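Residue numbers (my numbering), protein chains in the order written: chain D, 1 to 323; chain E, 324 to 907.
Do not rely on the hints blindly, as some may be mistaken.
[To be verified] Ranges of calculated distance between the beta carbons of each label pair, as one might list FRET restraints:
#, chain 1, residue 1, chain 2, residue 2, range
1, D, Thr52, E, Glu396, 44 to 50 Å
2, E, Leu531, D, Leu182, 41 to 47 Å
3, E, Val417, D, Leu21, 36 to 42 Å
4, E, Thr506, D, Asp75, 54 to 60 Å
5, E, Thr506, D, Pro68, 52 to 58 Å
6, E, Asp559, D, Leu310, 48 to 54 Å
7, D, Ala71, E, Ala496, 40 to 46 Å
8, D, Asp75, E, Val441, 50 to 56 Å
9, E, Val417, D, Ser142, 27 to 33 Å
10, E, Asp559, D, Ala61, 34 to 40 Å
11, D, Trp9, E, Pro558, 42 to 48 Å
12, D, Asp75, E, Glu396, 29 to 35 Å
[Stated by the list, open to error] Computed list of chain D residues with no C-beta within reach of chain E, every gap over 10 Å:
#, residue
13, Ala17
14, Glu54
15, Glu97
16, Gly134
17, Ile290
No lab work stands behind these hints: they were computed from the structure. This one's a predicted model, so the numbers in the text were calculated from it and none came from an experiment. Every residue, glycine too, gets a C-beta built ideally from N, C-alpha and C.
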Amino acid sequence: MNAITTRPWPAFLLRKAAELLLAMVALVVITFAIAHLIPGDAARVVAGVDATAEQVEDTRARLGLDRPLAAQFWDYLSGVLTADLGESFRTGQPVSEVIANRLPFTASIALFGIALTLGVSLALGLAVAGLTRGNRNPWLDSAFGWATGVVLALPVYVIGAVLIVVFAVNWGVLPAAGADSLYSYVLPTIAIALGPIASMSRLVRREAAVVLEQDYMRTARGRRISTFRQYAKHAVPNLLASTLTLSGLILAGMIGGAIIIESVFAWPGLGRAVVDSIIERDYPMTRGIILTVGAVAVALNTAIDIILALVDPRTLRAGKVLA
Amino acid sequence: MSAIPPIQPEEVPAAAARRSRRPGPMLAIGLALMGSLVLVAVLAPVLLDADAVGLTDDRRQGASGEHLLGTDEFGRDLFARALVATRLTLVLTVSATAISVVLGVAVGLLVWMLSPRVRNLVLTANAVAVAFPALVMALVIAAILGPGAMSATLAVGIAGIPAFVRLSATMAAPIMVRDYVSTAKLLNVPRPVILVRHVLPNLGEALLVLSANSFAVTLTELSGLSFIGLGVQNPDYDFGRLLADGLPNTYTQPIQIVGPSVMLVLTGVAAMFIGDGLAARSNPRLRRLVRGRRSGMLHRADELSQEMAAAHREQGGAAGAAALRVRGLKVATAQGRELVRGVSFDVAPGEILGLVGESGSGKSLTAMSAAGLVPDGVDATAAEVTTVGHDLLGPVRSGDLARDVALIYQDPVSTFNPALRLENQLTEVARVHQGMNRRAARRALAAEFRRLHISEPDSRGRQHPHELSGGMLQRAMIASALLTDAKLIIADEPTTALDVTVQAEVLRQFVAASGSLGAAVLFISHDLGVVEALCDRVLVMKEGEVVEELTREQLARGEVKHPYTRSLLAAAQYMEPSAEEANE
Chain D
1 MNAITTRPWP AFLLRKAAEL LLAMVALVVI TFAIAHLIPG DAARVVAGVD
51 ATAEQVEDTR ARLGLDRPLA AQFWDYLSGV LTADLGESFR TGQPVSEVIA
101 NRLPFTASIA LFGIALTLGV SLALGLAVAG LTRGNRNPWL DSAFGWATGV
151 VLALPVYVIG AVLIVVFAVN WGVLPAAGAD SLYSYVLPTI AIALGPIASM
201 SRLVRREAAV VLEQDYMRTA RGRRISTFRQ YAKHAVPNLL ASTLTLSGLI
251 LAGMIGGAII IESVFAWPGL GRAVVDSIIE RDYPMTRGII LTVGAVAVAL
301 NTAIDIILAL VDPRTLRAGK VLA
Chain E
324 MSAIPPIQPE EVPAAAARRS RRPGPMLAIG LALMGSLVLV AVLAPVLLDA
374 DAVGLTDDRR QGASGEHLLG TDEFGRDLFA RALVATRLTL VLTVSATAIS
424 VVLGVAVGLL VWMLSPRVRN LVLTANAVAV AFPALVMALV IAAILGPGAM
474 SATLAVGIAG IPAFVRLSAT MAAPIMVRDY VSTAKLLNVP RPVILVRHVL
524 PNLGEALLVL SANSFAVTLT ELSGLSFIGL GVQNPDYDFG RLLADGLPNT
574 YTQPIQIVGP SVMLVLTGVA AMFIGDGLAA RSNPRLRRLV RGRRSGMLHR
624 ADELSQEMAA AHREQGGAAG AAALRVRGLK VATAQGRELV RGVSFDVAPG
674 EILGLVGESG SGKSLTAMSA AGLVPDGVDA TAAEVTTVGH DLLGPVRSGD
724 LARDVALIYQ DPVSTFNPAL RLENQLTEVA RVHQGMNRRA ARRALAAEFR
774 RLHISEPDSR GRQHPHELSG GMLQRAMIAS ALLTDAKLII ADEPTTALDV
824 TVQAEVLRQF VAASGSLGAA VLFISHDLGV VEALCDRVLV MKEGEVVEEL
874 TREQLARGEV KHPYTRSLLA AAQYMEPSAE EANE
């Protein structure tokens with residue numbers, strides 16, 4: 001009766017918003033700190049060893065390091081809030097413009113990867129759990145363990161390289177580089193999704209094995225509904241909660257995969273840009289992109305928590321189911 | 324109490340223990356592979372350095388006997404380079420992993436020396452850090468320290484810390500409240516000593532597993548940083564650097580990527596297999612406990628027992644009219660142990676038949692088989708099982724059976740699906756098998772709730788099971804039987820899991836509901852008192868056989884013959900002194 005009248009959602013959303021805000025503040029502080037944590041004289045490091053004293057002072061002014069710390073932070077913070085992240089040291093282009101141009105490429109490949117991972121691992125994990133239930137098909141049990149173990153050991157860039165050799169070089173059916181057509185998405189998406197599919201389908205399979213043994217699955221069988229309906233309607237919702245809780249980590253790792261895979265497929269996204277900016281000591285670019293990618297990751301986690309609460313309302317009160 | 328008798332492990336414990344101490348094939352392969360890689364790391368730079376870095380005129384050669392993987396644009400032997408790179412790769416990966424493990428475990432244990440408030444703060448921050456992409460964190464550190472092998476190692480090592488903080492803090496939590504730690508606290512043993520002496524050893528196995536997995540991840544990330552140009556710089560080279568050097572030449576000389584790719588995969592697989600192998604060893608699966616086929620099927624008995632059943636059938640008489648008719652039901656495990664040994668009975672329409680016996684007597688298995696729900700791990704055979712006119716030994720129209728037979732289980736909390744709203748579960752048979760639409764089903768369910776005097780009947784269906792008490796859930800389950808006009812209700816100890824205070828009310832509604840439906844009831848219980856109050860007839864089961872059949876009157880008068888029934892009766896009276904007193 002209380003249960004009907006209490007409304008846990010506002011409190012939950014407030015807590016999530018506070019967590020989100022805190023994480024964002026932490027991101028802003030960390031990215032701001034990058035230039036200050038450089039060992040030694042940051043301006044000298046950035047300007048290069050053979051720079052003249054004048055050049056070093058010039059660099060110091062460009063980095064804003066000649067001003068009081070508080071003023072520097074205020075400038076940065078107000079810049080972040082107005083989407084003004086400064087200009088690239090190298091090209092003079094506004095950083096926010098570069099990000100706006102490149103983010104869609106990274107985001108789309110990560111989203112395709114996440115969709116592929118979720119779809120395949122749910123189906124695969126559930127199928128393996130169902131087929132090996134109660135010691136059925138023990139060979140499948142070991143085959144699954146070995147196969148996922150091997151796939152988990154494959155770095156994305158190795159997968160990418162092999163995919164290029166097979167599909168682009170040998171068969172010539174898919175493009176090896178660039179983002180010119182929808183076909184260009186196929187290989188990078190598969191490359192970043194394979195590892196996460198292996199770990200997530202292991203997770204789903206383990207959780208599903210537990211779920212399938214539950215009394216409520218017997219209740220569902222007692223209603224004599226189709227096997228598909230038993231799995232899709234009764235097992236999946238219970239899997240989603242635990243799977244989503246743990247999959248935040250896997251999906252966060254996928255952002256890392258997306259950044260690296262851009263180097264393999266010459267992808268015009270943020271990953272390649274941030275790597276180049278680090279090599280070239282282009283600080284405004286580096287911190288702008290890291291801030292953006294980090295914010296996306298944090299937002300993704302919050303989104304997962306909210307979906308989790310929609311799927312399984314118990315998490316509203318207890319935090320995370322498995323936390 | 325469990326509805327299904329536990330299936331005994333068939334394996335001798337000593338054999339199982341011996342098996343668990345022997346490394347599994349995965350662990351063995353992982354260790355052998357890692358051993359060979361370490362050997363390569365030690366020897367290759369000594370033996371092959373000249374081939375690996377010496378510039379020759381054999382540029383961009385394909386694979387040959389002289390150059391197994393060809394040569395690069397400077398005429399360096401790519402096979403030698405791949406092997407020599409093993410040392411730097413392993414050294415960097417081990418260093419980075421060590422940073423993660425040592426600092427992570429240190430922080431994870433040290434938080435237990437902080438006040439609970441500060442500890443929670445640290446662990447919350449750590450939880451956020453765990454969910455943050457490690458590679459992005461590594462990029463931050465690479466941006467601070469600049470590209471290079473050293474900074475990449477630090478970056479990946481530091482980025483791996485939060486996972487170990489979480490593991491060791493979580494693992495330490497239950498240990499910190501264990502008895503011997505409490506005792507140590509009482510004895511004023513300083514906390515650092517407690518942590519090192521009691522907590523660290525308990526971390527061992529889990530830490531080893533996570534370390535092996537972390538090694539694989541670190542390898543991938545570190546080589547990844549080298550691959551994208553932020554790690555090892557020319558002229559040094561690790562696997563990632565070699566792969567990056569080879570990739571631009573994929574079209575002209577695809578063999579260039581073979582060496583570093585294969586080595587990366589081998590190293591990763593070695594670490595992964597060690598981790599999985601260790602995990603499997605420390606957490607042995609239960610799957611070996613039960614051997615043989617586990618069908619969970621209901622079969623027609625073979626000819627011999629069919630003859631026996633025919634004899635049963637002769638005695639049975641009054642065929643056709645029964646709501647439930649079971650002849651010669653046997654249930655056995657895959658190993659052949661008989662749990663139910665030839666049970667035959669009828670339930671007439673409208674009759675309430677009690678099935679009593681202690682746990683393990685086979686009463687739940689009998690009831691579930693009668694509903695066609697043979698659990699996994701056992702096989703059921705029978706000469707006849709006719710449930711509300713459906714021959715369960717032949718093909719059954721599942722929708723009709725689901726409609727006609729309602730099941731009420733022992734533990735309402737576990738038999739409801741926690742993730743689904745009540746109405747989605749309770750109206751499922753009506754919607755799936757009887758084609759009722761969602762809105763009509765919702766209205767019909769609310770009407771049944773009202774009939775059972777369940778409060779707030781209209782909004783109740785929108786709730787999730789965790790919002791209701793056990794008694795309320797059991798009444799909701801009764802409502803679902805009402806909804807489909809069930810002809811047979813099989814109730815497996817429906818009130819055992821409930822508070823004593825609500826048991827009577829649920830039972831009363833259960834009887835009223837079955838009465839209003841005119842449904843037959845198969846009521847399973849271990850409580851003769853309840854059965855006597857409720858049932859028209861009682862079957863007493865012991866060790867898989869029906870040992871006595873009684874009418875309600877016989878039971879009430881204590882006219883029992885079998886000593887087992889007598890002992891059950893005595894136990895029931897002993898447990899209910901209040902009933903005794905009331906009679907006097």
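Hint by hint, here is what the structure shows:
1. D:Thr52 x E:Glu396: 44 to 50 Å: Given range 44 to 50 Å: violated, Cβ gap about 37 Å.
2. E:Leu531 x D:Leu182: 41 to 47 Å: holds, 45 Å
3. E:Val417 x D:Leu21: 36 to 42 Å: holds, 39 Å
4. E:Thr506 x D:Asp75: 54 to 60 Å: holds, 57 Å
5. E:Thr506 x D:Pro68: 52 to 58 Å: The hint (52 to 58 Å, Cβ to Cβ) holds, given that E:Thr506 and D:Pro68 are roughly 56 Å apart.
6. E:Asp559 x D:Leu310: 48 to 54 Å: holds, 51 Å
7. D:Ala71 x E:Ala496: 40 to 46 Å: holds, 44 Å
8. D:Asp75 x E:Val441: 50 to 56 Å: At 33 Å between Cβs, range violated.
9. E:Val417 x D:Ser142: 27 to 33 Å: holds, 30 Å
10. E:Asp559 x D:Ala61: 34 to 40 Å: For E:Asp559 and D:Ala61 the Cβ distance comes to about 36 Å; the hint holds.
11. D:Trp9 x E:Pro558: 42 to 48 Å: Since D:Trp9 and E:Pro558 have Cβ atoms about 60 Å apart, the given range 42 to 48 Å is violated.
12. D:Asp75 x E:Glu396: 29 to 35 Å: With a Cβ separation near 47 Å, D:Asp75 and E:Glu396 fall outside 29 to 35 Å, so the hint is violated.
13. Ala17: It holds; D:Ala17 is separated from chain E by about 14 Å at its closest Cβ, greater than 10 Å.
14. Glu54: The assertion about D:Glu54 holds, with a minimum of 23 Å to chain E.
15. Glu97: holds, 20 Å
16. Gly134: violated, 4 Å
17. Ile290: D:Ile290 not clear of chain E: closest Cβ-Cβ about 6 Å, inside 10 Å.
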